[in-house]
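Chain B: place on chain A using the hints.
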Amino acid sequence: MSRSTKRWVSGIVLTLWPLVAVYAVKQSNWGPILATPKTRQLGDPHARLVIVEYSDFQCPACARVQPTVHSFLELYKGRVRFAFKYYPLTQIHKNAINSAHAAQCATEQNQFWPYQDRLFDTQKQWETLANPTTNYLAIAQEVHLDLDRFTRCYEDPSSLGPIAQDQAEGKQRGIYSTPTFIIGDQRLVGNVFISDGARAIEKALRK
Amino acid sequence: MSNEQRAMSGWTSRQEVSTHHSSLIAHCLAVPARVACGGVLIYAGFSKVVGPAGDFAGILAAYRVLPAAWVTPVATYWPWLELLVGSYVFFGYFTRISAIAAATQFVVFSAVLVSSIARGIDPNSCGCFGAGLSLSPRHTLVLDGALLMLALFLTYLAKKPLSPSVDSWITSGPGKP
Numbered sequence: 055m056s057r058s059t060k061r062w063v064s065g066i067v068l069t070l071w072p073l074v075a076v077y078a079v080k081q082s083n084w085g086p087i088l089a090t091p092k093t094r095q096l097g098d099p100h101a102r103l104v105i106v107e108y109s110d111f112q113c114p115a116c117a118r119v120q121p122t123v124h125s126f127l128e129l130y131k132g133r134v135r136f137a138f139k140y141y142p143l144t145q146i147h148k149n150a151i152n153s154a155h156a157a158q159c160a161t162e163q164n165q166f167w168p169y170q171d172r173l174f175d176t177q178k179q180w181e182t183l184a185n186p187t188t189n190y191l192a193i194a195q196e197v198h199l200d201l202d203r204f205t206r207c208y209e210d211p212s213s214l215g216p217i218a219q220d221q222a223e224g225k226q227r228g229i230y231s232t233p234t235f236i237i238g239d240q241r242l243v244g245n246v247f248i249s250d251g252a253r254a255i256e257k258a259l260r261k
Numbered sequence: 658m659s660n661e662q663r664a665m666s667g668w669t670s671r672q673e674v675s676t677h678h679s680s681l682i683a684h685c686l687a688v689p690a691r692v693a694c695g696g697v698l699i700y701a702g703f704s705k706v707v708g709p710a711g712d713f714a715g716i717l718a719a720y721r722v723l724p725a726a727w728v729t730p731v732a733t734y735w736p737w738l739e740l741l742v743g744s745y746v747f748f749g750y751f752t753r754i755s756a757i758a759a760a761t762q763f764v765v766f767s768a769v770l771v772s773s774i775a776r777g778i779d780p781n782s783c784g785c786f787g788a789g790l791s792l793s794p795r796h797t798l799v800l801d802g803a804l805l806m807l808a809l810f811l812t813y814l815a816k817k818p819l820s821p822s823v824d825s826w827i828t829s830g831p832g833k834p
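Protein chains in written order, with this note's numbering: chain A, 55 to 261; chain B, 658 to 834.
Bound conformation, chain A alone (with noise of 0.2 angstroms):
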C-alpha cells in the first residue's frame, strides 16, 4: 500500500469512527429518562419523543407553564412522553426543597401529579410561609393520600434522595434556570415553552 493510500484510509476511517460512535450513542436508549421513575412520568411510555421538565414548586414561572404542558400532553397524545425532574433553587425560595419532599412523598403513594398539580395551584398560599408543613398535609388529603405514611416519609431526610440525584443531574447538564424543558435536543427555558414549545415539539416529532 503506498503512504498516499495509507493517509487517505487512515484519514477516513480516522474521520468516520466519531461519526459511527455518536450514532450508535444516540440510537440508544441512554439519557436522564431513565432515571426518572414512572410515576414522575405522562404520556404514552413507548412514545419516541420525551420531553424533560426541570422544575421546582415555588417558582412562578414553573406554575404558569403548567396548563400548557398539560395541553401539550392531549395535543400529541400517543406521541410524546412527559418526565418530571425535581430542580429546587434552594438559594431563592425557601420552600422550594420542602416542597420538593411533599412531592416525593406524594409519588411514593403513586400520586405525583395530582400532587404536583395543587401543590402549583396552591403556590401563592405557602409560598411566603414559615412552615408550610400545614398545608402540605392539606394537599396529601385533597387527594386522598395515606396521611400517616405521607407525615413518616416527610419526616424522613432520606427520601429527599430522589430529589438529591434530580438536582446533581441538571447541575451536571448546566440547568441554570426552573422550567427547564429539554425536547429532544432542544432546550427551552422559562416562559418560551408556552410560545414555542408547540414549534419545539413539532420538530423534534419531524426528526
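Mixed in with the good hints, there may be bad ones.
Far from chain B, some chain A residues (derived; all Cβ distances over 10 angstroms) [stated by the list, open to error]:
#1 D98
#2 L103
#3 R118
#4 H124
#5 L127
#6 G132
#7 E162
#8 T176
#9 Q177
#10 E181
#11 L183
#12 Q195
#13 P211
As a list, the in silico DSS-like pairs of lysine-lysine whose alpha-carbon atoms are at most 27 angstroms apart [stated by the list, open to error]:
#14 A/K60 - B/K817
#15 A/K60 - B/K816
#16 A/K92 - A/K261
#17 A/K92 - A/K225
#18 A/K131 - A/K257
#19 A/K148 - A/K178
It should be emphasised that the hints constitute simulated quantities derived from the structure, not laboratory data. Think of the CB as a built atom: it goes at the ideal place given N, C-alpha and C, for glycine as much as any other residue.
Below, chain B without anything else, positioned relative to chain A:
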C-alpha cells in the same frame, strides 16, 4: 579531530547511542501526551454531541462571550471539532498539526474561562463535558493549562513521526511517499 578519527575512537557511536536514547524518551513521552490531550478532547466532544444540543448552547450563552446569533452554530459544530481533533491527536495522525489545533482549542477554552471568572460569571459546571464530568470553571482552567502544556510539548516532539502512531505506520514500509 577528523570524522575518520572520531569514528575510530568511538565518539560517533556514543553520539548515536545518545540520539537513540533521546528518540526513545520522546517516543515514550509522546504516547501519554497524545492519550491525555486526545482522550480529553474526545470525551469532551463526545459527551456534548450525544447530549441535547441546547444544553451546550445554554452554557455558551451564559458565558456571554459570543454574539447571540453565533451561539447555536458554535454550540453545534465546536464539539464535532473537539471530537475530530481529539481523534487525530489520540491516534497520532498529522500529529504535529493536530497537536497545534488541540493547543489552540485549549487556549480558547482558557481565555473563555478567564474572561468569565474575571466578569464574575461562575456557573456550577463549566459545561465542557456535557452531562458527563462536572468540573467548576476554576478546576477546568487548571486542567486546560496542563493540557495546553502537553499539546505544546507534543508539537515539539512530533517533528518526526513517533511510533506507535498512525503517522509512523504511514511512513513505515517500502511504500511510495
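Hints, verified against the model:
1. D98: holds (21 angstroms)
2. L103: It holds; A/L103 is separated from chain B by about 12 angstroms at its closest Cβ, greater than 10 angstroms.
3. R118: holds (20 angstroms)
4. H124: holds (23 angstroms)
5. L127: holds (20 angstroms)
6. G132: About 23 angstroms separates A/G132 from the closest Cβ of chain B, which puts it past 10 angstroms; holds.
7. E162: Non-interface label stands for A/E162: nearest chain B Cβ at 27 angstroms, farther than 10 angstroms.
8. T176: holds (30 angstroms)
9. Q177: Nearest chain B Cβ is 25 angstroms from A/Q177, so the label holds.
10. E181: The claim holds: A/E181 sits with its nearest Cβ about 24 angstroms from chain B, beyond 10 angstroms.
11. L183: At roughly 28 angstroms from the nearest Cβ of chain B, A/L183 sits farther out than 10 angstroms, so the non-interface label holds.
12. Q195: holds (37 angstroms)
13. P211: Its Cβ never comes within 10 angstroms of chain B, the nearest being 23 angstroms, so this holds.
14. A/K60 - B/K817: The given pair, whose Cα atoms are some 17 angstroms apart, holds under the 27 angstroms limit.
15. A/K60 - B/K816: holds (20 angstroms)
16. A/K92 - A/K261: Holds, because 25 angstroms separates the two Cα atoms, which is no more than 27 angstroms.
17. A/K92 - A/K225: Measuring from Cα to Cα gives roughly 22 angstroms; hence the hint holds.
18. A/K131 - A/K257: holds (16 angstroms)
19. A/K148 - A/K178: Given pair A/K148, A/K178 holds - Cα atoms ~13 angstroms apart, limit 27 angstroms.
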